[in-house]
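Undergrad: One letter stands for each residue in the lines below.
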Amino acid sequence: MTEHDRRVRAEQRERFDFAVIANWIPPGERVLDLGCGDGRLLRYLSETRDVTGYGVEIDRESVLGCIRNGVDVIQMDIECGLSGFEDASFEHVIISQALQTMHTTERILGEMLRVAAEAVVSFPNFAYRTNRAAIAAGHMPVSEDLPYDWFDTPNVRFFTIVDFENLCARLGIEIRERLAFDEAGRAVSEDPNLNGSLAFYRLGRRT
Amino acid sequence: MSQENSVGFVTSQRAYFNEPLKLKSGAELPRFELVFETYGTLNSERSNAVLVCHALSGSHHVAGRYADDPENVGWWNNLVGPGKALDTRKFFVVGVNNLGGCYGSTGPLSINPETGKRYGAVFPLVTVEDWVAAQARLADYLGIRTWAAVIGGSLGGMQALEWSLQFPDRIRHAMVIASAPKLSAQNIAFNEVARQAIISDPDFHGGDYAEHGVVPTRGLRLARMIGHITYLSDTQMAEKFGRQLRHGEHKFSYEVDFEIESYLRYQGDKFAAFFDANTYLMTTKALDYFDPAYDFDGNLAAALARARASFFVAGFSTDWRFAPARSREIVFALLHNRLHVVYAEIDCSAGHDSFLLDDAHYHDLLRAYLENIAT
Numbered sequence: 006m007t008e009h010d011r012r013v014r015a016e017q018r019e020r021f022d023f024a025v026i027a028n029w030i031p032p033g034e035r036v037l038d039l040g041c042g043d044g045r046l047l048r049y050l051s052e053t054r055d056v057t058g059y060g061v062e063i064d065r066e067s068v069l070g071c072i073r074n075g076v077d078v079i080q081m082d083i084e085c086g087l088s089g090f091e092d093a094s095f096e097h098v099i100i101s102q103a104l105q106t107m108h109t110t111e112r113i114l115g116e117m118l119r120v121a122a123e124a125v126v127s128f129p130n131f132a133y134r135t136n137r138a139a140i141a142a143g144h145m146p147v148s149e150d151l152p153y154d155w156f157d158t159p160n161v162r163f164f165t166i167v168d169f170e171n172l173c174a175r176l177g178i179e180i181r182e183r184l185a186f187d188e189a190g191r192a193v194s195e196d197p198n199l200n201g202s203l204a205f206y207r208l209g210r211r212t
Numbered sequence: 048m049s050q051e052n053s054v055g056f057v058t059s060q061r062a063y064f065n066e067p068l069k070l071k072s073g074a075e076l077p078r079f080e081l082v083f084e085t086y087g088t089l090n091s092e093r094s095n096a097v098l099v100c101h102a103l104s105g106s107h108h109v110a111g112r113y114a115d116d117p118e119n120v121g122w123w124n125n126l127v128g129p130g131k132a133l134d135t136r137k138f139f140v141v142g143v144n145n146l147g148g149c150y151g152s153t154g155p156l157s158i159n160p161e162t163g164k165r166y167g168a169v170f171p172l173v174t175v176e177d178w179v180a181a182q183a184r185l186a187d188y189l190g191i192r193t194w195a196a197v198i199g200g201s202l203g204g205m206q207a208l209e210w211s212l213q214f215p216d217r218i219r220h221a222m223v224i225a226s227a228p229k230l231s232a233q234n235i236a237f238n239e240v241a242r243q244a245i246i247s248d249p250d251f252h253g254g255d256y257a258e259h260g261v262v263p264t265r266g267l268r269l270a271r272m273i274g275h276i277t278y279l280s281d282t283q284m285a286e287k288f289g290r291q292l293r294h295g296e297h298k299f300s301y302e303v304d305f306e307i308e309s310y311l312r313y314q315g316d317k318f319a320a321f322f323d324a325n326t327y328l329m330t331t332k333a334l335d336y337f338d339p340a341y342d343f344d345g346n347l348a349a350a351l352a353r354a355r356a357s358f359f360v361a362g363f364s365t366d367w368r369f370a371p372a373r374s375r376e377i378v379f380a381l382l383h384n385r386l387h388v389v390y391a392e393i394d395c396s397a398g399h400d401s402f403l404l405d406d407a408h409y410h411d412l413l414r415a416y417l418e419n420i421a422t
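Chains A and B, in that order, are what the protein sequence lines are. Start counting the first sequence at 6; every next residue gets the next number (the working numbering). Start counting the second sequence at 48; every next residue gets the next number (the working numbering).
Some clues are possibly wrong.
Claimed, not checked - Pair ranges (Cβ atoms, derived):
{"#": "1", "chain 1": "B", "residue 1": "Asn346", "chain 2": "A", "residue 2": "Ala141", "range": "57 to 63 Å"}
{"#": "2", "chain 1": "A", "residue 1": "Gly115", "chain 2": "B", "residue 2": "Gln233", "range": "29 to 35 Å"}
{"#": "3", "chain 1": "A", "residue 1": "Asp64", "chain 2": "B", "residue 2": "Trp367", "range": "22 to 28 Å"}
{"#": "4", "chain 1": "A", "residue 1": "Ile63", "chain 2": "B", "residue 2": "Tyr63", "range": "46 to 52 Å"}
{"#": "5", "chain 1": "B", "residue 1": "Arg93", "chain 2": "A", "residue 2": "Arg12", "range": "39 to 45 Å"}
{"#": "6", "chain 1": "B", "residue 1": "Asp405", "chain 2": "A", "residue 2": "Arg191", "range": "49 to 55 Å"}
If you're looking for bench data, these hints aren't it; they were derived computationally from the structure. Don't be surprised by glycine CBs; every beta carbon is placed ideally from N, CA and C.
Whole structure, please, built from the sequences with the hints as guidance.
TA: What follows is the structure, encoded as structure tokens:
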């Protein structure tokens, strides 16, 4: 694959991810996007769903990107919690493929469901078939959804669909909806922990 | 100074206001003058005007230099100019010396029309709110209904914030940099020490030193030395001066031993030679009093409910005078009110004074934000 093809592919993937998330965000909502990068998702949601909201980002170049994209952004470290954000001040809080790059997983999930009624989480499933095959062959997996080598990956938490759902159960988090997709972007229903490369969740507080 | 991207030679202008200005203290100024400078061109829609508010020791001379005083470069010259982050090819930029200042606007050094003498000690205390009210008169005078942006660092940022509260429909963007929604007890404490240094100088004469033909230079010098410590970071002082000795050895005297002493004395002397003591006292009081939440039981979010502007807020990692946490107070109060806000926390070793430096990333942020609001 050429660099151009790779970029086109990445953009297609990204648009696909955005569309999945947007589908869960009713129009006109107020959202918070954690680890928002250069604000592309928020911009997409604002253009397609008339959503308003803020991004949170620690990386300075990404913050600059948000400003260039005309996206409201707050530069702070999510690992330190979301103090300052008021309880239930957003309808949705999103963390799109960033949870696995953070250490304080439990705290972040708790904070997300404090500041918003519902959370949308997406992450790469480390137990996906080809990832398992890579490990079995003696290598850390590199795939469409895990595009980094072990030595330059931003990921610090390596977990699977099953692991994540166990954690949600332990934290009293209700899984309201789950979608899993394989590397080609096809929805997976059978054994998602094996067949799903990327997982999306709609989470709430168990009442 | 490099000529590249400079606004070049500039000339100060003066506006006269004959309508009385009621001050927050209850006092009234029957008439006043403001000196100001402008850079760039006001467009036909009058929609590209940006007001630059100065901090404690700044002035209306924001950019460029004077033909008859070429060494006197504007205090934010690295930001303002053609092609610079605040681009004078796109924006009409206005700098103004605040009311009570000592650079030519009506202040303690001006002649009191009622007595024919300098105001001195009887010049009323003016507040951030009063400055903004006076700036609004200047906006009227210049035919500017709405500022595209009001920008300032430190005390200048407080004015930008105050604009969004006092004139919510006359400011589209407030750019509040290295600032705070109110002073902390520690901030006030430093100001009080500075004031006492001036007031206890035997040459102060209760503020009427001009009538005695003297200047409380020693007090002003001390005040500036104290202030300067709070403008710099511990890190930067260590990097710049460390424990370097002026004479290469300990002198066992109270003359300058360490380079940092020499630096502070130099800064103090330089400042005391031109700045007015009454203006300094008054300005520190304006800082102390600024607190938009005061009338809202300390609830900043409630105080900011009036605001309609979009905000750019920035703090600097090593600023301990107005630490980033103080900027975040503003940010979360804005969030509560669902206002547009961008908040950047900039890594810079230079402490509070970072806002005046031309750190590349800092200026990239300002440039990106300003480019989006250019019409």
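Undergrad: Now tell me if each hint is right for this structure.
TA: Each hint, compared with the structure:
no. : hint                            : verdict
1   : B:Asn346 / A:Ala141: 57 to 63 Å : holds (59 Å)
2   : A:Gly115 / B:Gln233: 29 to 35 Å : holds (33 Å)
3   : A:Asp64 / B:Trp367: 22 to 28 Å  : holds (24 Å)
4   : A:Ile63 / B:Tyr63: 46 to 52 Å   : holds (51 Å)
5   : B:Arg93 / A:Arg12: 39 to 45 Å   : holds (43 Å)
6   : B:Asp405 / A:Arg191: 49 to 55 Å : holds (52 Å)
The structure agrees with every numbered hint stated previously.
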